[in-house]
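Q: Protein sequences appear in the order of chains A and B.
Each residue of the first sequence is one higher than the one before, starting from 59 at the first, in this note's numbering.
Each residue of the second sequence is one higher than the one before, starting from 259 at the first, in this note's numbering.
These are computed hints drawn from the structure, not numbers from a lab.
Predicted model only: the values in this text are computed from it and were never measured.
Errors might be hidden in some of the hints.
[Stated by the list, open to error] Okay, derived cross-link-like pairs now, PhoX-like style, lysine-lysine, Cα gap no bigger than 25 Å in a straight line:
#, chain 1, residue 1, chain 2, residue 2
1, B, 488, B, 547
2, A, 164, B, 488
3, B, 706, B, 299
4, B, 474, B, 584
5, B, 474, A, 118
6, A, 128, A, 118
7, B, 656, B, 680
8, A, 118, A, 192
9, A, 164, B, 474
[Stated by the list, open to error] Ranges of calculated distance between the beta carbons of each label pair, as one might list FRET restraints:
#, chain 1, residue 1, chain 2, residue 2, range
10, A, 187, B, 706, 31 to 41 Å
11, A, 137, B, 296, 52 to 62 Å
12, A, 157, B, 717, 48 to 58 Å
13, A, 137, B, 438, 47 to 57 Å
[To be verified] One-sided and incomplete, this derived list gives chain A residues near chain B with beta-carbon spacing under 10 Å:
#, residue
14, 160
15, 164
16, 165
17, 182
All C-beta atoms in this analysis are idealised placements derived from N, C-alpha and C, irrespective of residue type, glycine included.
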Amino acid sequence: MKFNHSHKTFGTYKILGTLLFSSFLSLNATAHELVLQVDQITKTKGVMMIALYNSADSYKGNKNVFNGQKVAVTQGTLTVNFGDVPAGDYAIKLYHDENENGEMDKNVIGIPTEGYGFSNNGGAMGQPSFDEAKFSVTDKTAISIHLR
Amino acid sequence: MKRRHFIAGSLAASGTVLLPNALLAANNPSLTATDKTPWQKGFAGVPEPFNTNSLRIEGKWPADAYGSFYRNGPARMERNGTRLQHWFDGDGMVHRFNINAKGISHRSQFVATEKYLREETAQRFLYNTTGTLIPNASNARNNDSVNVANTALLPWQDELLALWEGGSAYSLNPETLTTQGEKIWSDELAHVPFSAHPLLEKDGSLWNFGFLPYGKEARLLIYHISPNSKVIGFSNIVLPQRGYFHAFAQTTDYLIFYVSACIYEQGETFLSAFHWRPEVGSKIIVVNKNALDKPRWFDVPAEFVFHFGNAWQDNNNIHVVMASYKDASLMLNGMHKVMVGEQPEIEHAHITIANIDLQSGKVTLNESGVNLEFPNYSPDAAGPTTIYGTHAASPEHKFLGDSLAAIHPDKGLLNRYCFGAKVIAEEPLLISSTKNSYLIASYYNYDKQHSGIALFHANKLNDGPIAQAAMNYVLPLGFHGCFVPDNA
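Put together the whole structure using the sequences plus the hints.
A: Next comes the structure, spelled out in structure tokens:
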């Protein structure tokens with residue numbers, strides 16, 4: 059898994075666009091704070107690579123990340139504030155880049171050797187679908203992902 | 259270079275990204291402990307390790323049989339009211355019987371696997387196991403998330419490796435039994451299945467394999483590891499059928515695998531996905547040690563094998579001693595029954611010698627008629643040699659043996675010792691000093707509800723133990739062990 063964070067700017071413009079063309083709605087009605095907690099981190103080193111997606115296509119294709127975060131891992135739990143995001147459906151993928159080589163390492167049979175997780179903590183059969191991983195932001199939202 | 263690229267390239271086509279708990283569907287069976295059988299305590303598990311300074315010894319333990327007798331087996335069978343349902347499932351506990359002039363002490367430790375530590379913290383089972391669905395199970399990251407390290411032991415350099423078969427070996431301190439972490443041979447081989455019965459090459463290197471019945475294609479991974487723990491050979495072989503196998507054998511030039519007719523299909527747990535399909539038959543795989551990517555297949559009738567005696571070659575023939583079952587009901591049925599207090603009616607394994615003619619491709623099977631499991635033999639043998647193992651002398655023993663026996667492929671049953679009709683005998687190990695050959699084994703007396711260890715002259719089993727040490731408690735019945743002599 060490799061996330062392309064170059065679309066963060068695109069995502070930011072998208073938010074701005076939504077706000078500009080939705081001026082008849084108040085800010086509070088369209089955007090809400092999204093906070094993520096990641097727990098069950100076993101190794102306090104490296105970085106947590108976190109990708110927030112707002113569509114099934116982007117989620118499935120690991121592209122057009124709506125908001126990407128790279129957070130140093132210094133303890134067993136970390137918190138990420140995505141700020142205000144427009145109301146809607148989102149899904150998160152993350153992995154713990156322990157050796158900071160920019161990708162999720164896998165062994166010879168393709169099984170991850172670094173921690174990872176998905177929103178709703180699904181994925182017993184590999185990566186869950188967007189529908190399985192999605193959550194709705196309709197108000198101030200806090201979710202947690204257990205790293206596995 | 260090139261090993262990394264070689265490994266990566268050889269697996270590029272597999273596309274296997276299936277996670278281990280993909281095998282284990284979520285469900286919530288009723289999990290109850292029962293106590294219907296007199297030997298149930300042997301399968302009940304224990305909550306705490308053992309620590310006994312001095313066992314009572316009967317007879318005189320000879321100085322040339324001093325050393326450390328290690329045993330491994332499933333021991334944590336229950337947490338927070340949830341009881342595991344298959345003998346393979348429990349968290350591994352490693353025992354050390356330290357035998358010297360001062361006497362015999364017994365200490366044990368649970369292997370502090372990732373699974374064990376997480377479940378200790380949670381005070382409940384978190385992960386589905388090989389044969390049990392856990393209520394509200396967590397998702398596994400990789401194979402080692404569910405590794406119980408409960409099957410066998412290997413002395414390796416200054417470590418003691420606790421082996422499973424679905425994931426990594428765990429490194430232990432041989433003195434204290436403290437867990438030192440997963441044994442990662444290389445980054446590419448992190449968390450891959452590493453089976454419980456590695457074989458030592460004469461040069462001190464190690465052969466082992468990984469069995470992957472799941473994924474798009476079932477696969478056999480072969481590993482060759484140098485004495486300084488470097489991966490010096492690797493092969494990734496697509497299997498012709500998804501048949502279960504647990505161990506392998508070697509000759510000077512060949513590795514031999516027996517792929518049974520117990521086929522991985524679908525099921526709620528890893529083990530319940532296996533089904534006995536006699537119509538597909540079994541396969542023997544022969545791999546030349548100098549051409550690991552060129553396996554040869556040989557069709558044989560459907561039987562089931564956990565363990566092998568030794569193997570040897572002459573001219574174009576390979577001869578392999580196997581402990582063969584008529585079917586897989588021990589694994590698929592018996593090992594569940596013993597966990598819920600029911601008496602399994604399982605036909606014992608019998609020693610069979612497979613003769614493989616590499617030229618004609620013909621395999622002949624010579625059945626000894628002698629029941630024997632947990633085979634052990636001298637690693638120095640280059641031809642037919644005495645095979646020691648557990649044996650059932652009493653007809654009421656429908657599951658595990660009550661005796662130790664010695665059998666020679668050319669001479670049949672040589673001698674045996676029956677502990678008694680209400681005793682379960684465990685894997686015997688050969689101890690060879692310069693003067694003597696001994697056999698050491700643990701046992702469980704379910705009439706008197708205690709366990710013990712016993713030492714025999716290997717060629718005089720009929721005479722009974724020359725020394726033994728009984729405990730006033732019951733050891734969880736285990737699988738395999740090793741003996742490290744004091745002068746090693």
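Q: So, for every hint listed, does it hold in this structure?
A: Hint-by-hint comparison with the structure:
1. About 17 Å separates the Cα atoms of residue 488(B) and residue 547(B), which keeps this hinted pair within 25 Å; it holds.
2. Under the criterion of a C-alpha separation no larger than 25 Å, the hint pairing residue 164(A) with residue 488(B) is consistent with the structure, at around 19 Å.
3. A hinted pair counts as satisfied when its Cα atoms are at most 25 Å apart, and residue 706(B) with residue 299(B) qualifies at roughly 12 Å.
4. Taken as a hint, the residue 474(B) and residue 584(B) pair is broken in the structure, with Cα atoms around 29 Å apart against an allowance of 25 Å.
5. The hinted pair formed by residue 474(B) and residue 118(A) meets the criterion: a straight-line CA distance of about 21 Å does not exceed 25 Å.
6. Distance restraint check for residue 128(A) and residue 118(A): the Cα-Cα separation of roughly 20 Å lies within the 25 Å cut-off, and the hinted pair is therefore satisfied.
7. Distance hint between residue 656(B) and residue 680(B) is fulfilled; the C-alpha atoms sit about 12 Å from each other, no more than 25 Å.
8. Of the pairs offered as hints, the one joining residue 118(A) and residue 192(A) holds, with about 12 Å between alpha carbons and a cut-off of 25 Å not exceeded.
9. The suggested pairing of residue 164(A) with residue 474(B) holds, with an alpha-carbon distance near 18 Å, which does not exceed 25 Å.
10. Range check, residue 187(A) to residue 706(B): about 58 Å between beta-carbon atoms, so the 31 to 41 Å window is missed.
11. One distance hint, 52 to 62 Å for the beta-carbon pair residue 137(A) and residue 296(B), holds here, with the actual separation near 56 Å.
12. Range check, residue 157(A) to residue 717(B): Cβ separation about 55 Å, and the 48 to 58 Å hint holds.
13. At roughly 33 Å, the beta-carbon separation of residue 137(A) and residue 438(B) lies outside the given 47 to 57 Å, and the hint is violated.
14. Taking 10 Å as the C-beta contact cut-off toward chain B, the hint placing residue 160(A) at the interface is violated, the least distance being around 15 Å.
15. Interface hint status for residue 164(A): upheld, as the beta-carbon distance to the closest one in chain B is roughly 8 Å, under 10 Å.
16. With a cut of 10 Å, the hint placing residue 165(A) at the interface with chain B holds, because the nearest CB-to-CB distance is about 5 Å.
17. Taking 10 Å as the C-beta contact cut-off toward chain B, the hint placing residue 182(A) at the interface holds, the least distance being around 5 Å.
Consistency with the previously given hints fails for numbers 4, 10, 13, 14, ordered from lowest to highest.
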